[in-house]
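> Sequence:
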Amino acid sequence: MTAVRFSGGPVRTLAAAAPVASELLVQDGRIVARTTQSPVEVDLRGRCVLPAFSDAHVHFPTWSAAQRQIRLEGTATIEEALDRVATAAQAMRGSPPTGWLRGLGWRADDWHPATEPHRSMLDRAAPGVPIALMSRDYHSLWVSSAGLALARGPLLVPGGVVETDADGAPTGVLREMSAWTFRDRWAAPSADEYLDAMRDGVRLANARGVTAIHDKDGWLGALELFRRLEAEDGLTLRVWQSQPWERLDSGLPEPSAPGSLVRVGYLKAFMDGTLGSRTARRLDGSGVEILSREAFEEIVRRAAAAGLPVAVHAIGDQANRDALDALEAARAAWEPLGLRQRIEHAQLLHPDDVGRFAALGVTASVQFSHAPSDRDLADAFWGADTANAYPYGALAGAGTRLVNGSDAPVEELDPLLGLRAGVLRTTDGRPAWHPEHAVAAETALRASTVEPAWLAREEHIRGRLVPGMAADLVVLDRDPLAVAPEQLGSLRVVATMLAGGWVHGADTMHE
Numbered sequence: 001m002t003a004v005r006f007s008g009g010p011v012r013t014l015a016a017a018a019p020v021a022s023e024l025l026v027q028d029g030r031i032v033a034r035t036t037q038s039p040v041e042v043d044l045r046g047r048c049v050l051p052a053f054s055d056a057h058v059h060f061p062t063w064s065a066a067q068r069q070i071r072l073e074g075t076a077t078i079e080e081a082l083d084r085v086a087t088a089a090q091a092m093r094g095s096p097p098t099g100w101l102r103g104l105g106w107r108a109d110d111w112h113p114a115t116e117p118h119r120s121m122l123d124r125a126a127p128g129v130p131i132a133l134m135s136r137d138y139h140s141l142w143v144s145s146a147g148l149a150l151a152r153g154p155l156l157v158p159g160g161v162v163e164t165d166a167d168g169a170p171t172g173v174l175r176e177m178s179a180w181t182f183r184d185r186w187a188a189p190s191a192d193e194y195l196d197a198m199r200d201g202v203r204l205a206n207a208r209g210v211t212a213i214h215d216k217d218g219w220l221g222a223l224e225l226f227r228r229l230e231a232e233d234g235l236t237l238r239v240w241q242s243q244p245w246e247r248l249d250s251g252l253p254e255p256s257a258p259g260s261l262v263r264v265g266y267l268k269a270f271m272d273g274t275l276g277s278r279t280a281r282r283l284d285g286s287g288v289e290i291l292s293r294e295a296f297e298e299i300v301r302r303a304a305a306a307g308l309p310v311a312v313h314a315i316g317d318q319a320n321r322d323a324l325d326a327l328e329a330a331r332a333a334w335e336p337l338g339l340r341q342r343i344e345h346a347q348l349l350h351p352d353d354v355g356r357f358a359a360l361g362v363t364a365s366v367q368f369s370h371a372p373s374d375r376d377l378a379d380a381f382w383g384a385d386t387a388n389a390y391p392y393g394a395l396a397g398a399g400t401r402l403v404n405g406s407d408a409p410v411e412e413l414d415p416l417l418g419l420r421a422g423v424l425r426t427t428d429g430r431p432a433w434h435p436e437h438a439v440a441a442e443t444a445l446r447a448s449t450v451e452p453a454w455l456a457r458e459e460h461i462r463g464r465l466v467p468g469m470a471a472d473l474v475v476l477d478r479d480p481l482a483v484a485p486e487q488l489g490s491l492r493v494v495a496t497m498l499a500g501g502w503v504h505g506a507d508t509m510h511e
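1 is the number of the first residue of the sequence shown in the working numbering; add one for each residue after it.
The reader is advised that the hints may include incorrect statements.
To be verified - Each pair of labels, with its calculated beta carbon distance range: (1) Ala16 <-> Asp192: 44 to 52 Å; (2) Glu80 <-> Gly429: 21 to 29 Å; (3) Pro467 <-> Ala305: 46 to 54 Å; (4) Arg152 <-> Pro127: 36 to 44 Å; (5) Ala482 <-> Ala432: 16 to 24 Å; (6) Gly355 <-> Ala16: 40 to 48 Å; (7) Arg152 <-> Arg430: 43 to 51 Å.
Source of the hints: derived by calculation from the structure; they are not laboratory data. Built from N, CA and C at the ideal position, the CB exists for glycine as well.
Generate the whole structure from the sequences, applying the supplied hints.
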């Protein structure tokens, strides 16, 4: 492999000892202090080199498939959403009659006026077509009558909600476990459909500076999909793969072969629902309990016995408290093993619980983009409690380790959007929302580079640009730590490298 020397622009190593360097040497896929070859010279021309980005919370197969589905984000009225459905249905005429029309991105409270969806609306827009539309938060599913008719089992399952009319008939809206169970059993794309979409998804992620992900789609067989992609030399991402906690009963997969880009890393569990579906579990007793504190504690203990950490979804303040209580109660089982536990989202915290993350050594796996995206809903549903919502600044100030992800397709897989959201607490020109919870630009960068590598137990492999580390790097058009905060939104990815090989923008680096 050819050696490369980068110079002519700042190199942000994100290493404490030497945070900025004037040049960077790469040989045999790694950062080196000196080369044994005559290197290819790359003049950065003032551009900035950083460790490549990690997305610490992404549903990658689902996000990839979503690029080919109906997108309802940004629809101002339910009529506009239904027009998009009707247009897509016309385009799919000639498909098999049981072919699903899939989409995502609706949120009833985004429409003016706010309107609860109903299966009859889909029936009018696309008569006879099985339709399944995931909500923006992915915790509710809107299904047409033709779609419901394909179900060969009960709609209501434990931990789920089936909305009904006054006469008890399903409205077509399913929430939480009922939504996911219906989707998985009857409306999910095939493995080949996912795989085809993922080929494009990998290229798009690389174009956005991403070379590593913590994937959350273990429930749909993502591990096998990534392994198939790697076998065909179509994978240019390091994948740290979740598995549903239920696999403790049915059997965990075999570890990947040494040197594989894909690793089985942790178990995923859910404490509650979401803000958008009004199922986040609150201290006031509202919301949906998916796992109790006691049940989650048992999962943590069993996972520790299997040598695995747990990533647990918790949105509401009660759900987060229950998760922290369970991790604390089971601490003697996991802490001596050095397991790196994490709570996903941590969107609403009672002030008494903020400091407990650092005290327990639990990572807050957050999504900076959620705060400006959810601000109006949070103000409407959580009122004065939004002073404790999306409290990234408070968590960082308490010494909590933060990792950042996109939660794509809930938000877009784009680390630069996350950087802007974390620092500015706004993305639409409005004043910052609870700016006291903003984070410094370097904290936000570390949350998408250094900290995800640590959480995946790869801190000695990637995440910083120092000798011995893998040459996973991204070239930006400007230095994000030198521009004014309001300019963060205009930063651009120029090129991306994985293990010393260009995976995006190679031509731009040799112009």
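> State for each hint whether it applies.
Now the hints, each set against the structure:
1. Ala16 <-> Asp192: 44 to 52 Å: Given range 44 to 52 Å: holds, Cβ gap about 46 Å.
2. Glu80 <-> Gly429: 21 to 29 Å: 22 Å Cβ-Cβ, so the 21 to 29 Å window holds.
3. Pro467 <-> Ala305: 46 to 54 Å: 38 Å, violated
4. Arg152 <-> Pro127: 36 to 44 Å: Violated - the Cβ-Cβ distance for Arg152 and Pro127, about 22 Å, lies outside 36 to 44 Å.
5. Ala482 <-> Ala432: 16 to 24 Å: 21 Å, holds
6. Gly355 <-> Ala16: 40 to 48 Å: Given about 24 Å between the Cβ atoms, the range is violated.
7. Arg152 <-> Arg430: 43 to 51 Å: With Cβ atoms ~47 Å apart, the hint holds.
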